[in-house]
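*Asks:* Protein chains in written order, with this note's numbering: chain A, 1 to 200; chain B, 1 to 200; chain C, 1 to 200.
Where hints are given, some of them may not hold.
With a straight-line Cα cutoff of 20 angstroms, these simulated DMTMM-like cross-link-like pairs (lysine to aspartate or glutamate) come out [stated by the list, open to error]:
| hint | chain 1 | residue 1 | chain 2 | residue 2 |
| --- | --- | --- | --- | --- |
| 1 | A | LYS26 | A | ASP93 |
| 2 | B | LYS194 | C | GLU28 |
| 3 | C | LYS194 | A | ASP93 |
| 4 | B | LYS3 | B | ASP171 |
| 5 | A | LYS3 | A | GLU112 |
| 6 | A | LYS26 | A | GLU82 |
| 7 | B | LYS26 | B | GLU112 |
| 8 | A | LYS194 | B | GLU28 |
| 9 | A | LYS194 | A | ASP93 |
Calculated directly from the structure, the hints in this document are not laboratory data.
Everything numeric in this text was worked out from a predicted model, so none of it was measured.
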Amino acid sequence: MEKILLILTYIAVIASAISGALEARKNEMDIVGATTIAFATAFGGGTIRDLLLGRTPVFWVLNPGLTIATFIAGALSYYRLERLSGGLFLVVDAIGLGLFSILGATYTLQLELSPIVAVLMGVVTGVFGGVLRDLFCNRIPTIFRHNTELYATCSFIGTCIFIFLISINIDHLLASVIGAGTIFTMRLAAVRFKMTLPAP
Amino acid sequence: MEKILLILTYIAVIASAISGALEARKNEMDIVGATTIAFATAFGGGTIRDLLLGRTPVFWVLNPGLTIATFIAGALSYYRLERLSGGLFLVVDAIGLGLFSILGATYTLQLELSPIVAVLMGVVTGVFGGVLRDLFCNRIPTIFRHNTELYATCSFIGTCIFIFLISINIDHLLASVIGAGTIFTMRLAAVRFKMTLPAP
Amino acid sequence: MEKILLILTYIAVIASAISGALEARKNEMDIVGATTIAFATAFGGGTIRDLLLGRTPVFWVLNPGLTIATFIAGALSYYRLERLSGGLFLVVDAIGLGLFSILGATYTLQLELSPIVAVLMGVVTGVFGGVLRDLFCNRIPTIFRHNTELYATCSFIGTCIFIFLISINIDHLLASVIGAGTIFTMRLAAVRFKMTLPAP
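Please build the complete structure, drawing on both the sequences and the hints.
*Replies:* Below is the structure:
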């Protein structure tokens, strides 16, 4: 099971790195920009979580394998990929969103902090990579815009469900699968049916 | 007195959250953007201070009450407020500026760091919430622009006075009131008389 | 030797502060903006390194002399300098790039972290001050743009050489001089011969 988790983490990180590098290419950046944006997208959410919680050195500093994978994924996709099939990207990105959110909440609960903070950290871990990517590209983050399909909301709801299940003593692995699964399914449904949040 | 301080903190945080949410609405963000900007405006200054000083987990992670208040204030003002009366907003924001600045300096002195750093941390705590809000909204921070009325300057001068009073052993509470009062009064005067800093 | 290092650090920090303040002036900021950008440019890279590694309070909080020097350099250059001679600026900035990169790698190795992370931290320390400066000025960071002469690349290669020399037990001082010298020379050569990275 440990191994599956590790594989999923690599998939999520690499998916984010690719998304960052392609975005950098669209913005006429060079390979320095592309790998930096790849790092920011892949590690941004978890890094902000670790800094806020005081878990330092941050996670990727302690895991050179992830760092190398991100670097290679970013560089390769900058030079070799024209674009990613929209459908494939959506699925891989949704896996990352689900997995990162549950990981963020889990680490927070391990520090015995309040469930409210755990939900927040789940959402931060899930979505802030993309927010940093957009800030570096000098635009208002996509997920904040009013015509964007549900993204942070999926992370929020799935993390709430996960924490509720933990609080009634459901097995941690089962709770993780249900939480991440909810986020994954909800995100795909949101894009399919163009679900957005109500405007004022 | 503890209680008064807590009430003032809530007022300052809620005022910042409202300012952030309304700014998000002006920038055509959805409720995710609005609550994120509300958090960044309310907690940004104190968070950067805590990170720089190594006071982790950061303050709001340890205080779920503040987190909930910010979330509700952000969401309510996004959906329900058209705009805030300029005068009311100015007063509440100036209270926040004064209070946050003195709190930032106080925490720094508690760690026995130099008075110069305490002044810097006072200003950072007072003004960086608004700076983060502006960065997320993709524009040059308002308080950096050359036609803006004194803002960081009020925080700087009031914090210097506060630290001077502490250094000559004035009672901490009295010094706080004088420091925060100076910042509050000076900020209102700056807006009233359109006081700006000299250009080169 | 300690003394030479300290003098070089002051030169690098002051050069960065001047570059930040002049950039702020070009963007029609006031003195608050100018000193803030000066701080961000001078201390940004080292601050991000310290936060990621968990070395808090961050370095400048413990060194009020550097803080005062940055403040004065920022304020003076905002009010008194029209512009800096391009050649002088290039040389001083290249000294800073070399020195900051080697310092960042050294601190990381001291914490017994992996050489890969040490290279990354060298680059981060060397270049992120300028990245933060550009973000505050609301534009895509210069060093990410595809027509920019080698900058992060110089830091990357010089830091790799430095770490290789350390790993084969060369004297630390000699390795530092060779590493920083490579970065310095390569940066000047890159500007002189308009060397850029290959586009996809």
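*Asks:* Hints first: check each against the structure and report whether it holds.
*Replies:* Hint check:
no., hint, result
1, A/LYS26 with A/ASP93, "19 angstroms, holds"
2, B/LYS194 with C/GLU28, "18 angstroms, holds"
3, C/LYS194 with A/ASP93, "38 angstroms, violated"
4, B/LYS3 with B/ASP171, "18 angstroms, holds"
5, A/LYS3 with A/GLU112, "26 angstroms, violated"
6, A/LYS26 with A/GLU82, "10 angstroms, holds"
7, B/LYS26 with B/GLU112, "42 angstroms, violated"
8, A/LYS194 with B/GLU28, "18 angstroms, holds"
9, A/LYS194 with A/ASP93, "17 angstroms, holds"
The structure fails hints 3, 5, 7 (numbered hints given earlier, in ascending order).
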